[in-house]
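Enquirer: So the chains spell out like this:
Number of protein chains: 2
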Amino acid sequence: MRILYHLPLSPYARKVRLALNEKRIPFELRVERVWERRDEFMDMNPAGTVPVLAEENGLVLADSYAICEYLDEAYPELPLLGRTLAERAEVRRLVSWFDGKFAREVTANLYYEKQMKRLMGRGNPDAAALRAGYANLKPHLDYLGWLAETRLWLAGNFLSLADLTAAAHLSALDYIGDIDWTVNDAAKDWYARVKSRPGFRPLLADRVSGVNPPPHYADLDF
Amino acid sequence: MRILYHLPLSPYARKVRLALNEKRIPFELRVERVWERRDEFMDMNPAGTVPVLAEENGLVLADSYAICEYLDEAYPELPLLGRTLAERAEVRRLVSWFDGKFAREVTANLYYEKQMKRLMGRGNPDAAALRAGYANLKPHLDYLGWLAETRLWLAGNFLSLADLTAAAHLSALDYIGDIDWTVNDAAKDWYARVKSRPGFRPLLADRVSGVNPPPHYADLDF
Numbered sequence: 001m002r003i004l005y006h007l008p009l010s011p012y013a014r015k016v017r018l019a020l021n022e023k024r025i026p027f028e029l030r031v032e033r034v035w036e037r038r039d040e041f042m043d044m045n046p047a048g049t050v051p052v053l054a055e056e057n058g059l060v061l062a063d064s065y066a067i068c069e070y071l072d073e074a075y076p077e078l079p080l081l082g083r084t085l086a087e088r089a090e091v092r093r094l095v096s097w098f099d100g101k102f103a104r105e106v107t108a109n110l111y112y113e114k115q116m117k118r119l120m121g122r123g124n125p126d127a128a129a130l131r132a133g134y135a136n137l138k139p140h141l142d143y144l145g146w147l148a149e150t151r152l153w154l155a156g157n158f159l160s161l162a163d164l165t166a167a168a169h170l171s172a173l174d175y176i177g178d179i180d181w182t183v184n185d186a187a188k189d190w191y192a193r194v195k196s197r198p199g200f201r202p203l204l205a206d207r208v209s210g211v212n213p214p215p216h217y218a219d220l221d222f
Numbered sequence: 001m002r003i004l005y006h007l008p009l010s011p012y013a014r015k016v017r018l019a020l021n022e023k024r025i026p027f028e029l030r031v032e033r034v035w036e037r038r039d040e041f042m043d044m045n046p047a048g049t050v051p052v053l054a055e056e057n058g059l060v061l062a063d064s065y066a067i068c069e070y071l072d073e074a075y076p077e078l079p080l081l082g083r084t085l086a087e088r089a090e091v092r093r094l095v096s097w098f099d100g101k102f103a104r105e106v107t108a109n110l111y112y113e114k115q116m117k118r119l120m121g122r123g124n125p126d127a128a129a130l131r132a133g134y135a136n137l138k139p140h141l142d143y144l145g146w147l148a149e150t151r152l153w154l155a156g157n158f159l160s161l162a163d164l165t166a167a168a169h170l171s172a173l174d175y176i177g178d179i180d181w182t183v184n185d186a187a188k189d190w191y192a193r194v195k196s197r198p199g200f201r202p203l204l205a206d207r208v209s210g211v212n213p214p215p216h217y218a219d220l221d222f
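Taken in sequence, the protein lines are chains P and B.
The UniProt record's numbering applies: residue 1 is where the first sequence begins, and numbers increase by one.
The UniProt record's numbering applies: residue 1 is where the second sequence begins, and numbers increase by one.
One or more hints might be untrue.
[Unchecked claim] Subject to a maximum C-alpha distance of 30 Å in a straight line, what follows is the list of computed BS3-like cross-link-like pairs (lysine-lysine): (1) P:K101 <-> P:K117; (2) B:K101 <-> B:K117; (3) P:K138 <-> P:K117; (4) P:K117 <-> B:K23; (5) B:K101 <-> P:K101; (6) B:K117 <-> P:K114; (7) B:K114 <-> P:K117; (8) B:K138 <-> B:K101; (9) B:K101 <-> P:K114; (10) B:K117 <-> P:K23; (11) P:K114 <-> B:K188.
[Said to hold, decoys possible] Covered stretches of chain P (in silico footprint by chain B; criterion: 3 or more residues with CB under 8 Å from a CB of chain B, positions within the stretch not fixed): (12) 67 to 77; (13) 91 to 99; (14) 136 to 143; (15) 182 to 192.
Source of the hints: derived by calculation from the structure; they are not laboratory data.
Every residue gets a Cβ at the ideal spot worked out from N, C-alpha and C, and that includes glycine.
Using the sequences and the accompanying hints, generate a full structural model.
Expert: Structure follows, in structure tokens:
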């Protein structure tokens, strides 16, 4: 069986899980405590990060960008990157927006400070980082809401990797109680639609030790 | 004519310039002072970053990941991402390595602190960031040297976007005098080969006001 090495709240691993689920590609999950820098894992990915996907034919893929592009090339049914050149450019622009800009401005300041630092024994969250993360979250939710209001899905009239990437980051932050969904109704409605997809259920069932998600986390009608 | 909005030392814009040059796709360069947040530019790319590519047919592409993937799809002659699924996964893993890990650990600590802060009027470089950047550079040059010793090019036996991405970051750092090429001979030999390609020349001719590159910067036999 295909194996995905992951951490339950890693936004990048969540993105790949959502992509695999949408494409109905079966896989087995294996938790990788990346901070232990296990030799066999470092051989598969010298960057020491999840996700890593090990295919049954022996091909090992590291990095969520490489994995997601691979999935659309190797399993082209149910494409997640769009069909035309313009669609694909817009999907990728938004994937980069959430995995790059949003990740730096929001995810790193909240998820890394509150969750990863604890797991890695690197001390308490930095108060200035948390403040910056919360302050940056609002304009990002507004941009997401604006996209969701002007289009059926974030990148156009089709569900794409842009939606899965945004939902991966937001769901990790929602688990640790950091999303105030009253900020933007359109963003909330969009998230409710993504969250209701069958491929999202396994993520909502995940629990990590020491942190309980808020009551609305797994509620489809939050 | 196709227009590429850029900053002369932006590693992400340099990557796209190298890709366009390798593919022999003609384009016109336009400097974009991103910190001015010009309305027409923000409409093209709400992230406010370079590179942005405006095609003659009206298609506008933002973000170097979206642009480079587009270039290989729209202009498939002289592919830069590899041919097989395994080759493409390795190229993309390394693109992500340099644009993600290397950028966070090295480029952001040196190029951003020394060059971008000055341009954006955000004060002096942070000494701790500079120290971290120099400390992180050495293991990265060693990893690059190891790849270059075990393969013809970084991702395998063909020149790829992995080489162009690594060279884009290194050339920007080399311009500001931050690369000590005596650290790793294999990395230096690889860089000399990439630097000798005709598509690299325009980058070596770039000058930015207030910063002169070291004498070896444009020397092909450094």
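Enquirer: For the pair supplied as a hint, K101 (chain B) and K117 (chain B), is the alpha-carbon distance within the 30 Å limit?
Expert: Given pair K101 (chain B), K117 (chain B) holds - Cα atoms ~21 Å apart, limit 30 Å.
Enquirer: What's the verdict on K101 (chain B) and K114 (chain P), does the C-alpha distance respect the 30 Å limit or exceed it?
Expert: 21 Å, holds
Enquirer: In terms of beta carbon proximity below 8 Å, does the segment 136 to 143 of chain P have 3 or more residues touching chain B?
Expert: violated (count 1)
Enquirer: Starting from K101 (chain P), check that the Cα of K117 (chain P) is at most 30 Å away, please.
Expert: Answer holds: K101 (chain P) to K117 (chain P) is near 21 Å, not above 30 Å.
Enquirer: Go check the segment 91 to 99 of chain P versus chain B for me, would you? Three or more residues, Cβ under 8 Å, otherwise it fails.
Expert: Check passed, 5 qualifying residues.
Enquirer: Between K101 (chain B) and K101 (chain P), is the straight-line Cα distance small enough, at 30 Å or below?
Expert: Holds, at about 15 Å.
Enquirer: Within a Cα-Cα threshold of 30 Å, do K117 (chain B) and K114 (chain P) meet the stated pairing?
Expert: 28 Å, holds
Enquirer: Hint check: K138 (chain B) vs K101 (chain B), CA-CA at most 30 Å. Holds or violated?
Expert: Given pair K138 (chain B), K101 (chain B) holds - Cα atoms ~14 Å apart, limit 30 Å.
Enquirer: If you draw a straight line from the CA of K114 (chain B) to the CA of K117 (chain P), is it 30 Å or shorter?
Expert: 28 Å, holds
Enquirer: Is the hinted pair K117 (chain P) and K23 (chain B) satisfied, with a Cα-Cα distance of at most 30 Å?
Expert: With a Cα-Cα distance of about 44 Å, the restraint between K117 (chain P) and K23 (chain B) is violated, given a limit of 30 Å.
Enquirer: Holds or violated: K117 (chain B) and K23 (chain P), Cα atoms, limit 30 Å.
Expert: Since the Cα atoms of K117 (chain B) and K23 (chain P) sit roughly 44 Å apart, the hinted pair is violated (cutoff 30 Å).
Enquirer: Tell me if the straight-line CA distance from K138 (chain P) to K117 (chain P) falls inside 30 Å.
Expert: 24 Å, holds
When held up to the earlier numbered hints, the structure conflicts with 4, 10, 11, 14, 15 and fits the remainder.
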